[in-house]
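Fit chains P, S and L to the given chain X structure using the hints.
There are 4 protein chains.
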Amino acid sequence: MIIVLKREAAQSEIDHIVEKIKSTGLAVHISKGKERTIIGAIGDEGLLSNLPLETFPGVESVMPIMKPYKLVSREFRKEGTVIDISGVRIGEAELQVIAGPCSVENRDLLIDTAKKVKAAGAKILRGGAFKPRTSPYDFQGLGPEGLKLLAEARKETGLPIISELMDPRDTELMCDYVDIIQIGARNMQNFRLLTEVGKAGKPVLLKRGLSATIKEFLMSAEYIAAQGNANIILCERGMRTFETATRNTLDLSAVPVLKEETHLPVFVDPSHAVGRWALVAPLALAAVAVGADGLMIEVHSDPENALCDGAQSLKPAKFASLMQEVRKVAAAVGRTF
Amino acid sequence: MIIVLKREAAQSEIDHIVEKIKSTGLAVHISKGKERTIIGAIGDEGLLSNLPLETFPGVESVMPIMKPYKLVSREFRKEGTVIDISGVRIGEAELQVIAGPCSVENRDLLIDTAKKVKAAGAKILRGGAFKPRTSPYDFQGLGPEGLKLLAEARKETGLPIISELMDPRDTELMCDYVDIIQIGARNMQNFRLLTEVGKAGKPVLLKRGLSATIKEFLMSAEYIAAQGNANIILCERGMRTFETATRNTLDLSAVPVLKEETHLPVFVDPSHAVGRWALVAPLALAAVAVGADGLMIEVHSDPENALCDGAQSLKPAKFASLMQEVRKVAAAVGRTF
Amino acid sequence: MIIVLKREAAQSEIDHIVEKIKSTGLAVHISKGKERTIIGAIGDEGLLSNLPLETFPGVESVMPIMKPYKLVSREFRKEGTVIDISGVRIGEAELQVIAGPCSVENRDLLIDTAKKVKAAGAKILRGGAFKPRTSPYDFQGLGPEGLKLLAEARKETGLPIISELMDPRDTELMCDYVDIIQIGARNMQNFRLLTEVGKAGKPVLLKRGLSATIKEFLMSAEYIAAQGNANIILCERGMRTFETATRNTLDLSAVPVLKEETHLPVFVDPSHAVGRWALVAPLALAAVAVGADGLMIEVHSDPENALCDGAQSLKPAKFASLMQEVRKVAAAVGRTF
Amino acid sequence: MIIVLKREAAQSEIDHIVEKIKSTGLAVHISKGKERTIIGAIGDEGLLSNLPLETFPGVESVMPIMKPYKLVSREFRKEGTVIDISGVRIGEAELQVIAGPCSVENRDLLIDTAKKVKAAGAKILRGGAFKPRTSPYDFQGLGPEGLKLLAEARKETGLPIISELMDPRDTELMCDYVDIIQIGARNMQNFRLLTEVGKAGKPVLLKRGLSATIKEFLMSAEYIAAQGNANIILCERGMRTFETATRNTLDLSAVPVLKEETHLPVFVDPSHAVGRWALVAPLALAAVAVGADGLMIEVHSDPENALCDGAQSLKPAKFASLMQEVRKVAAAVGRTF
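Protein chains in written order, with this note's numbering: chain X, 28 to 364; chain P, 28 to 364; chain S, 28 to 364; chain L, 28 to 364.
Chain X on its own, in the form it takes in the complex (with noise of 0.2 Å):
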C-alpha cells in the first residue's frame, strides 16, 4: 500500500499514520521526494482493509499495490484452469458451447430445442427454471417442475445441463438436478449465494453484473473459490452504459483481460447483451475472435410464442448456420470446434 501525503502534512500527523500501520504487522517505509512524501506500508495488504487511511489527516490518497484477489489470479496459479463436466472439457484449447431456450416450457419443445442445438454442435443445454425476471408480473419459470424437465432432456440427449439458481434455498434441490449452476448478473453480487454455491462445490457458471469492473467480478469469483471451490466458468453478458440501441453494451475487452488475471475459462453470452437475435451471431463470431473459451447462447424453437426473451433467442436453423461460421472462426484463431 502506498500512502501519498500532503505537502503540508504535520510530523506529527506522519508519525500517527506510521505507528497505526505497524500496529496491524506490517512494515513501513518512507520516501522523501521534493513535492511529497510517502509511506509504503510492505506486507499483507489485507491487513489493512479495515484502516481507512484515506481519511486519516495529512494523508492525500492511499493506492494499493496488489490486487485484492487471490484464488482465483493467474498469480496464484499461472496454467488455465479446465473444468470437466461429465467429459466436457471447458478451458482446452477445444471451444465449448452452451445453448437452449431462456427459460423451460414444456417437455416436448425442451427435448426438440435440446436435440437440434446438439446436432449443431452445443456441448451443454441450458433452460430456466427459475426466471428473475423485472416485472413481478411476468412469467417466473416453472421452479422444480423446470428442473425435472431439464433432466428429462438430458436422459434423452445426453448434454449436461445448467439453470440459474436465485435462492440459497434451492441450492441443493438445484445441485440434485444440473450440472452446472449459473449465478446471474444480478445476483453477481449477492454474497450469500456466493458463498452457498461455494460450499456446494458444484461447477459454477458466474455472470458478470451489469455495472460490475472486472475487479468486482474477480473478487465475486474469490467468494466461490474462498469456499474450496474453484470450478468456477466466467460469463461476460453485457453492460450497462448510455447507449440504447442495444440492451446491453458487451465488452469483449474483458475476455482478453480477465485471460490476463486469471486462470478461470471465460465464456461469452451475446444473446442476453444485445437483446436482438439479428445481432447475437456477428457478436458470438467476436467473441470467439476475442479469445473466449466459449459461448452461451438462447435458441428457441418458437420465439413467437417463447414466454421469456423471445426476441434474443436464435431459430435452431439459424444457430446451426451460425455454429457453422463459429467453427471458421474458431480455426482461424487457433482453436476447435
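What the hints contain is simulated information worked out from the structure, not anything from laboratory work.
Warning: the hint list may mix true and false statements.
If chains are identical, the list can't say which one is meant, so a pair holds when it fits in one copy or spans any two.
Computed cross-link-like contacts, DSSO-like style, restricted to lysine-lysine with a CA-CA straight-line distance of at most 27 Å [unchecked claim]:
id, residue 1, residue 2
1, Lys355, Lys49
2, Lys342, Lys49
3, Lys226, Lys94
4, Lys145, Lys97
5, Lys342, Lys33
6, Lys142, Lys342
7, Lys175, Lys94
8, Lys145, Lys242
9, Lys33, Lys105
10, Lys286, Lys61
11, Lys105, Lys182
12, Lys47, Lys59
13, Lys33, Lys182
14, Lys94, Lys182
15, Lys242, Lys59
16, Lys59, Lys49
17, Lys145, Lys47
18, Lys345, Lys47
19, Lys286, Lys142
Remember, it's a predicted structure, so these values are computed and weren't measured experimentally.
Using the frame of chain X, we list chains P, S and L on its own:
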C-alpha cells in the same frame, strides 16, 4: 403499445401482427402515415409482455405507452404514502434522519453512538448486522448478535432500528428484531428477497441499485407491493458512472422524478454515494433542498477504528453540526426538522 | 410523432396541442384508448423539432417515429457506399487497414514505419500532425511540418495518407496534403468542423465520440452529408464507461447496428479503445469477425520513445503477425484481405 | 510516479526502467517488499509524460502521485479566485445568477426577458447567438445579429452578457460583444478553442463535457490558464449516464470536489442537465445548498414558441418565484443573494 412498421412491411406481415395482438384480447388500431404505418394495441399492455413483437417480420420498433409499475405509481394513488414507525412518521412535512454506524461492532460503541445521534435529531438508528462486503476476507458483520445489540440500543434510547437483510432465510429473525428492513443496493433485483419482505409485511427501505434506472427501481418496489406490503421507503444512494472522484455519483435528480412518479417516500443516503466524510455534509444539504423526505447517514464515534466504511462516517460532533445546518435548509424549503 | 396524453388531460389541452401540430402543416390522428388518448402527428417530423410538445399541459410523453438522420440512413440508400481513395476501395468485401504512428515525429521513423506497415498489408498510412492532448504541457504535434513529412511518406510508399483536423482554420491546408481527413472523437460534435469538412468535399473518417450514442454519431455524419459530402467512413473507437481495466470500452455491437442503420462503411480503432498494445490484437480480430470494413491501428518502430500513445502502439513485427491473423479471420467471415 | 513491478521482473528489466527514468532527470528510489518491488520516480512527473512506462517489460502498473493540473489547483493558489464582471463579483459569498433564453430570437423577446430576469435577481444575461445543435436541420442561431441584440439588451438593462463561442474564427467578434465567453460542453476538449480564449483574455465560463471526469475538466481549464487567462468559471451541467428519466445526470458531488481541488468559482446549470422545466427548480436549490457559487438558468417568455430548448425553459414568473426560494436556501447555507 405502439408498433411502428418498416416502410416495406408486407400486408401479410401486418395481418400476422394484428392477429397476434388480437389473440391476447387487445383491440387494434391501424394508422397509415406517409412514411410509416403504425399499429396501436389498445388495452392492458401487460398482456403483451411475452410477445416479442420487436422481432416480428415487418416491425421496426415497439413503444410501450403505459408505465410498467402500477401499485407504486402516483397514478394509482395521488396522495403521498405516510409510514408510521413507532410514532416516527415518514413522508410528511417533517424530515426524518436515520443515523448510526455502518456495522454494529460492540455494545458500548453502538449505544454511545445511538445516544449522540438521537441528541442531534436523528429519529431512527441504523446499524449493519449482516454486511455485504466486496471481499470475502473482510468483516462480514456480527450476525444475530448484532441484531440483539441493536435491540438493546433501541431499549436504551427509544429509537426504532433498521438493519439490512441479505438472505431470505434470515427474514423471520430480522422481523423479530428490527422496525424497518433494509434491502441493499446490491440486492435491489434479488427478486426472491423482495418477495419475502413483501410477504413479511414489515416496513422496508429499498436502496436503488448501482446501475438501476428509476423505472427498474420502481419495478423492484412493485415486487414488494405486489405481495401486499406498501410500506416502502425508496432510497437513492449513488449510481455507477465513469467518474472516480467520488465512489458513486449521487443522482439527486432522481428525487423529484420519483416524487412525480410514485406516492412512496424518498430518502437519500449521501454517505455511501460519496464514500468520503468530508463530502457528506454538502450533499446531505442538497438532498434536503431537492425535496428528500429524509436522510440516511453513517455516524461512528471512532471512524479510524471502524470495521467497515470508516472513511465515510461522520463523528458525532460533525453529525450534530450537520443537523443544525439541515434544520436551516429544511426550513428554507418549507419542511420541519 | 406519437403524443401520449395524461389520463386527466382536458379537452382544451388536447385542442391546443392539435392546433399547434396542424399549424406546422402536419396532419393529426387521434386514438382514444381505455387508459390513454394518443395523438399521432402525420408527416415530416422535422417540422416539429422546435415544438416542445413534451412540456405542453396534458402531455405525458412524446415519441418520435422517424429516425432523425436521412442522407446517411440505409433507408435513403440501400446499397453500401464504397469510397475510393486513390484506388484503395473502402466498403467492399476487401478489408482495409490504416496503420502508422500516433503522431508524426521525424522523417526517418515515419518512412520506416510506412514501409513496414505497407509490407504487412496496410493500404493507408496514418499519422498525427495536429494532436489533441488532454494536457497543454504535452507534445502537440509537428503541425504543417508533420503534414509535409506525411506527403513525403506517401511519395516514397504510394500509400494514401490520413491525418486529423482539429481547427476549421486548417481545413484548406489539410486538404492540400491528405487523402482522408480524420475528425477525432473529441470533435465529433464540433459542428463547425463537421460543416467545414462537409464543404471541403474530401473523404472523411469520423470517429465516434466517447459518450456519443449511435444516433448522435449518425447525426454528426449527417452534418457532413448535408453539405454534399457523402464520402464518410465511420470509426468506432471505444466509449466511456465505469470500467477502468481498459482505457475505454470498445463497443463492437455498434458495428452490426451501424451496418443496419447506415450505408456508410464502418471501421474500428482498437488501439485507442484499449490503450494497451497487448490487447490490440484480440480486439482487432474481434472487429473483423463482427463485420467491420476496416481497421485503424497504431504502429510505432520504437514505442518506448514515442512522443504520444506509445503504450498502445504495436511494433512493426507484432503488427505484421497480427495482419497474418487478420487474414485468416477475414477469410473465415467471407472477406478478403 | 510509482512503478509497481511484476513479481517475476528480471534485474535487467529493472535496470532498464531505472536508466530510462534517470535519463529524464528524475531521481529513482527502489523499495523491495515481500511481494513486489516498487520504483519511485522522484521529481517533476511531467517529464515522464511521454514515457510509456506501463508497457515496459517487467512493469505491472504505474501510479502518478501528483495531480496533472497546476495553475488551476488549490495547491497553486489557496484563496478562491474572484472574477469581476463589470462590478458583478463571482466567487464571493454573494451568489450570482445568469439567466436568459437558450437562443437569441428577436429583439423584443430578448429585452423583455432580460428586464424580467433582472427584476427577479439575475445579474448576468445569457443568450445563444451561435447554437451547437445535434441536427444540421435545426435552428443554428442568429449569429452576429444575435450578438448585436445581446449588446442592445445590455445597454437597456445594464446586465453584462454571456454567449457561447463555437469556432476559433469568431473569437475576435465575440470579444467585441460579450462580457463572458461560454465554452459549451461539446467543446470542452476542443483544445484549439480553449487556447484561443486563453489568449483572448476575456472571462470564460467553461462547461463540463458530458463524459468528462473532474480531472479532465480541470485539465481543460488548465489549457486556458496556461495562456495566461485565469478568469475561468467552471460550470457543471450534467453528465451522460445510463439513466434516461432526465436528459443528463446532474453531478452535484462535483461541486464540493471542485471546491477542494481548484480555486476557480463553480456554477451549476440545472436547465441543460434535466431538460425539463419542472425539475429545474428543485435542482437549482440543491445546487445552492451543495455550495455552488452561482447558477445558470434558461428563461423564456414564451417557451412553446422557443426555437431551441423550450422544454427546459422557465417562464419569467416561475423564475422569479424560484429566485425567492434561492434567496432562502442561500441564506440557510451562509450566502447572500
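Hints, one by one, checked against the model:
1. Lys355 - Lys49: neither (58 Å within a copy, 44 Å between copies)
2. Lys342 - Lys49: between (63 Å within a copy, 24 Å between copies)
3. Lys226 - Lys94: Classified as within: same-chain Cα gap 24 Å, cross-chain 41 Å, threshold 27 Å.
4. Lys145 - Lys97: Cα proximity of Lys145 and Lys97: none, with 37 Å in one copy and 43 Å across.
5. Lys342 - Lys33: Between copies only: 22 Å across, 61 Å inside.
6. Lys142 - Lys342: For Lys142 and Lys342, the Cα distance is within 27 Å only inside one copy (13 Å; across copies 48 Å).
7. Lys175 - Lys94: neither (42 Å within a copy, 36 Å between copies)
8. Lys145 - Lys242: neither (35 Å within a copy, 39 Å between copies)
9. Lys33 - Lys105: For Lys33 and Lys105, only the inter-copy Cα distance (14 Å) is at most 27 Å; the intra-copy one is 39 Å.
10. Lys286 - Lys61: For Lys286 and Lys61, only the inter-copy Cα distance (25 Å) is at most 27 Å; the intra-copy one is 40 Å.
11. Lys105 - Lys182: Neither: 37 Å inside a copy, 49 Å across copies.
12. Lys47 - Lys59: both (19 Å within a copy, 21 Å between copies)
13. Lys33 - Lys182: Classified as neither: same-chain Cα gap 66 Å, cross-chain 44 Å, threshold 27 Å.
14. Lys94 - Lys182: neither (43 Å within a copy, 43 Å between copies)
15. Lys242 - Lys59: Answer is between: at 25 Å across copies they meet the 27 Å cutoff, but 31 Å inside does not.
16. Lys59 - Lys49: Both: 19 Å inside a chain and 17 Å across chains, each within 27 Å.
17. Lys145 - Lys47: neither (60 Å within a copy, 31 Å between copies)
18. Lys345 - Lys47: Result: close only across copies, 23 Å inter versus 63 Å intra.
19. Lys286 - Lys142: neither (32 Å within a copy, 33 Å between copies)
When held up to the earlier numbered hints, the structure conflicts with 1, 4, 7, 8, 11, 13, 14, 17 and 19 and fits the remainder.
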